[in-house]
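Quick note on numbering: the sequence shown equals residues 3 to 247 in our numbering.
Mixed in with the good hints, there may be bad ones.
Straight-line C-alpha distance at most 35 Å; calculated DSBU-like pairs for lysine-lysine [what the hints assert, rightly or not]:
#1 Lys59 to Lys100
#2 Lys180 to Lys59
#3 Lys45 to Lys59
#4 Lys119 to Lys180
#5 Lys45 to Lys100
#6 Lys100 to Lys119
The calculated label-pair distances, taken between Cβ atoms and stated as ranges, are [said to hold, decoys possible]:
#7 Glu132 to Val88: 34 to 40 Å
#8 Ser231 to Phe92: 45 to 51 Å
#9 Gly73 to Glu115: 30 to 36 Å
#10 Thr8 to Lys119: 19 to 25 Å
#11 Ser103 to Glu197: 23 to 29 Å
#12 Phe92 to Pro230: 15 to 21 Å
#13 Glu115 to Ala181: 19 to 25 Å
Keep in mind that the hints were calculated from the coordinates and are not lab data.
For glycine and all other residues, C-beta sits at the position ideal for the given N, C-alpha and C.
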Amino acid sequence: MALDVTEATFERDVVELSRQTPVVVDFWAEWCGPCRTLTPALKAAEAARGGRVLLAKVDVDANQSLAGRHGVQGIPAVKAFRDGVVVDEFVGAVPRAKVESFFDALVPSAADELLEKGDELSLREASELEPRRADIATALARARLERGAEDEALEAVAPHAAADFAAAGLVARVELIKAGLGAEAFAALDRGEREAALEGLLAELEGADEETRDRLRRAIIGILSEDPSAPSAREYRRRLAAALG
């Protein structure tokens, strides 16, 4: 059931509560026809999530300063709060499907929860739930590489390699390992020594044949794609381009 929130209770019932559970706030008014159209979809979306997302309602006529402070210019205006701040919003009586996706974005899916666990069994289950997600596939591949299961790691990421740099990099890693190359660099990477790994792979480019150079290129790009904003990423991309000529 939606909680009626006022100027006096907003901080407690929305801002502070959202630090524990996402809160969707519906700014509405009694005279607003689209508001009445939207309300059933909002209530149904809240009920379907069993307390994982809460719904609050603010009557803009009775709380004009509160609505103004939150930039409400048209109603219904729906704002999602998480960790004390607005993380998403929309205006108008949108279709039910959009309401559902709006609520879905506020809570982790079953696959997200399994991905967060990070163990191989959970990652395999997550991959089965959402087989199109490259981030899950790459996490599963890394878990398999930790126990030396290169073929199983390749099976996890190969379907994503054409569209995802990290997946393509892991495919290249397996190919290089099978060719007896890059072992020290990848061991450094697994220890968290990212720059040492990149230096090692760049060094192996010199004198390598065309096929090996392409594998090294994909492996390096894959590593860089995991943290593209890192201070050293631009320099390593420049050095890779120069080495490839």
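Regarding phenylalanine 92 and proline 230, is the given constraint of 15 to 21 Å on their beta-carbon distance met? 30 Å, violated
Using the beta carbons of glutamate 132 and valine 88, state whether their distance is inside 34 to 40 Å or not. Hint violated: Cβ distance 27 Å, outside 34 to 40 Å.
Range hint 45 to 51 Å: satisfied by the CB atoms of serine 231 and phenylalanine 92? 29 Å, violated
Hinted pair, alpha-carbon criterion (35 Å max): lysine 59, lysine 100. Please report holds or violated. 19 Å, holds
For the pair supplied as a hint, lysine 180 and lysine 59, confirm whether the alpha-carbon distance does not exceed 35 Å. 60 Å, violated
Note whether the CB distance of serine 103 and glutamate 197 lies within 23 to 29 Å or breaks it. 40 Å, violated
Lysine 45 and lysine 100 were given as a pair; does the straight-line alpha-carbon distance stay at or below 35 Å? Answer holds: lysine 45 to lysine 100 is near 14 Å, not above 35 Å.
Given the proposed pairing of lysine 119 with lysine 180, does the C-alpha separation stay at or below 35 Å? Distance ~29 Å between lysine 119 and lysine 180 Cα, so the pair holds.
Straight-line alpha-carbon gap lysine 100 to lysine 119, limit 35 Å: Within the cut-off at roughly 29 Å; holds.
Go ahead and decide if the range 19 to 25 Å is satisfied by the Cβ distance of glutamate 115 to alanine 181. Taking Cβ atoms as reference, glutamate 115 and alanine 181 lie about 37 Å apart, which means the hint is violated.
So does threonine 8 sit 19 to 25 Å from lysine 119, Cβ to Cβ? 40 Å, violated
Does the alpha-carbon distance linking lysine 45 and lysine 59 stay inside the 35 Å limit? Holds, at about 11 Å.
Consistency note: the structure conflicts with the earlier hints numbered 2, 7, 8, 10, 11, 12, 13.
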